[in-house]
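K.L.:
Please model the entire structure based on the sequences and the hints provided.
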Amino acid sequence: MVTRLIVATQQREQFIDVTATVTEALAQSGARSGVVTLFVPHTTAAITINENADPDVTADMLKGLSEIVPRAASFYRHAEGNSDAHIKASLLGSSMQLLVEDGKLQLGTWQGVYLAEFDGPRERRLWVKFASD
Amino acid sequence: MVTRLIVATQQREQFIDVTATVTEALAQSGARSGVVTLFVPHTTAAITINENADPDVTADMLKGLSEIVPRAASFYRHAEGNSDAHIKASLLGSSMQLLVEDGKLQLGTWQGVYLAEFDGPRERRLWVKFASD
Amino acid sequence: MVTRLIVATQQREQFIDVTATVTEALAQSGARSGVVTLFVPHTTAAITINENADPDVTADMLKGLSEIVPRAASFYRHAEGNSDAHIKASLLGSSMQLLVEDGKLQLGTWQGVYLAEFDGPRERRLWVKFASD
Numbered sequence: 055m056v057t058r059l060i061v062a063t064q065q066r067e068q069f070i071d072v073t074a075t076v077t078e079a080l081a082q083s084g085a086r087s088g089v090v091t092l093f094v095p096h097t098t099a100a101i102t103i104n105e106n107a108d109p110d111v112t113a114d115m116l117k118g119l120s121e122i123v124p125r126a127a128s129f130y131r132h133a134e135g136n137s138d139a140h141i142k143a144s145l146l147g148s149s150m151q152l153l154v155e156d157g158k159l160q161l162g163t164w165q166g167v168y169l170a171e172f173d174g175p176r177e178r179r180l181w182v183k184f185a186s187d
Numbered sequence: 055m056v057t058r059l060i061v062a063t064q065q066r067e068q069f070i071d072v073t074a075t076v077t078e079a080l081a082q083s084g085a086r087s088g089v090v091t092l093f094v095p096h097t098t099a100a101i102t103i104n105e106n107a108d109p110d111v112t113a114d115m116l117k118g119l120s121e122i123v124p125r126a127a128s129f130y131r132h133a134e135g136n137s138d139a140h141i142k143a144s145l146l147g148s149s150m151q152l153l154v155e156d157g158k159l160q161l162g163t164w165q166g167v168y169l170a171e172f173d174g175p176r177e178r179r180l181w182v183k184f185a186s187d
Numbered sequence: 055m056v057t058r059l060i061v062a063t064q065q066r067e068q069f070i071d072v073t074a075t076v077t078e079a080l081a082q083s084g085a086r087s088g089v090v091t092l093f094v095p096h097t098t099a100a101i102t103i104n105e106n107a108d109p110d111v112t113a114d115m116l117k118g119l120s121e122i123v124p125r126a127a128s129f130y131r132h133a134e135g136n137s138d139a140h141i142k143a144s145l146l147g148s149s150m151q152l153l154v155e156d157g158k159l160q161l162g163t164w165q166g167v168y169l170a171e172f173d174g175p176r177e178r179r180l181w182v183k184f185a186s187d
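Protein chains in written order, with this note's numbering: chain A, 55 to 187; chain B, 55 to 187; chain C, 55 to 187.
No lab work stands behind these hints: they were computed from the structure.
Fair warning: there could be bad hints in the mix.
[To be verified] Taking lysine-lysine pairs in the BS3-like style, the calculated list, with each CA pair at most 25 Å apart, reads:
{"id": "1", "chain 1": "C", "residue 1": "K117", "chain 2": "B", "residue 2": "K117"}
{"id": "2", "chain 1": "A", "residue 1": "K117", "chain 2": "B", "residue 2": "K117"}
{"id": "3", "chain 1": "A", "residue 1": "K117", "chain 2": "C", "residue 2": "K117"}
[What the hints assert, rightly or not] Below, a sample of chain C positions facing chain B; criterion: calculated Cβ distance under 7 Å:
{"id": "4", "residue": "T102"}
{"id": "5", "residue": "E105"}
{"id": "6", "residue": "D110"}
{"id": "7", "residue": "M115"}
{"id": "8", "residue": "L116"}
{"id": "9", "residue": "S120"}
{"id": "10", "residue": "I122"}
{"id": "11", "residue": "A126"}
{"id": "12", "residue": "F129"}
{"id": "13", "residue": "E134"}
{"id": "14", "residue": "L145"}
{"id": "15", "residue": "L146"}
{"id": "16", "residue": "Q151"}
{"id": "17", "residue": "G162"}
{"id": "18", "residue": "Q165"}
Please read all numbers here as calculations on a predicted model, not as lab measurements.
We put the beta carbon where it would ideally sit given N, CA and C, even for glycine.
P.N.:
Laid out in structure tokens, this is it:
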């Protein structure tokens, strides 16, 4: 079974911490041990893990990514004007796996799971699937 | 069982839409519900998801990636002259997971699955494995 | 069951080949056919696949990534001064899947699995989980 979540974003570019949402979906599935697959069914948003302690980290990441992939470039042809968002989405990726043991998501001390919005604000979907051992 | 597919590329850099190929491999496996793992056994090609509606998107992505990772750089030491392709391959990644429900690949409306060629033209391999619930 | 490995790094930025370590963990699990998930529980290190034949490739990759993501930037706010490492970690990713058949890790001829250190030297953890068919 795929749990289908909705995540509302508020800005064009934003990292939304979905760790609690995924943890809750996991608890409702009764998962004890296995692997969780997260999947973002969009082409201008992604899923990633990074630090959840200092909010400056995700702010620096968004700014850093925008320096790497400029919003405007003379060679962009895509008429919607969001080619940068498509590139960033592929750089971070659409799918991710997390380990589960004793019913708990196994994350490092400073790790949070983020939906990365690159062309918001929008209502985004996040799909969660647990595979038991 | 791993389904081993061949994908022929025609250019040095190219995004090849493999969605139909993966869908067919899935149908032949009789898969109903679970997770599909895609794996590219190369170091200068990758697997990614992006928009399949407007071909300008993948063109912009290839051009954008080439601006980020220059083909020539004074510090590249690797004698084959394809260090840019190795970097791009790691940025997009070698493996990906897709969800399956009711025998159908679960993708977003605009999502296509692409083998990303960065050092072609070549005959590339794409491995597909379905894990049932 | 999650196998929890320790990988010691010696430099600030380094690709450590963990292929043999993962292969050994797999052998001890008695795995025959399935999928291995690798997970790095850190926010300034990552997991990636690239060429294991010519060491110039990983050297070029590290140098290339440092050109893409500068170590110092006027807009970085994070006080630890390692925002570049956080960005690189998300670009390469925290999780990866490898296929297993006949008890053997299925890798391409030139592929090696690397823990990518971007803020070492440190003692890093690498988690390995095998899911049987």
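K.L.:
Work down the list of hints and note, for each, if the structure agrees.
P.N.:
A quick look at each hint next to the structure:
1. C:K117 - B:K117: holds (21 Å)
2. A:K117 - B:K117: holds (21 Å)
3. A:K117 - C:K117: holds (21 Å)
4. T102: holds (5 Å)
5. E105: holds (4 Å)
6. D110: Since chain B brings a Cβ to about 4 Å from D110 (chain C), closer than 7 Å, the hint holds.
7. M115: OK, holds: M115 (chain C) within 7 Å of chain B, min 5 Å.
8. L116: violated (10 Å)
9. S120: violated (9 Å)
10. I122: holds (6 Å)
11. A126: Violated, because the Cβ-Cβ distance from A126 (chain C) to chain B comes to roughly 18 Å (cut-off 7 Å).
12. F129: violated (18 Å)
13. E134: Violated: closest Cβ of chain B sits about 24 Å from E134 (chain C), beyond 7 Å.
14. L145: holds (6 Å)
15. L146: Since chain B brings a Cβ to about 6 Å from L146 (chain C), closer than 7 Å, the hint holds.
16. Q151: For Q151 (chain C), the interface hint holds, since the closest Cβ of chain B sits about 4 Å away, which is under 7 Å.
17. G162: holds (3 Å)
18. Q165: At 6 Å from the nearest chain B Cβ, Q165 (chain C) passes the 7 Å test, so the hint holds.
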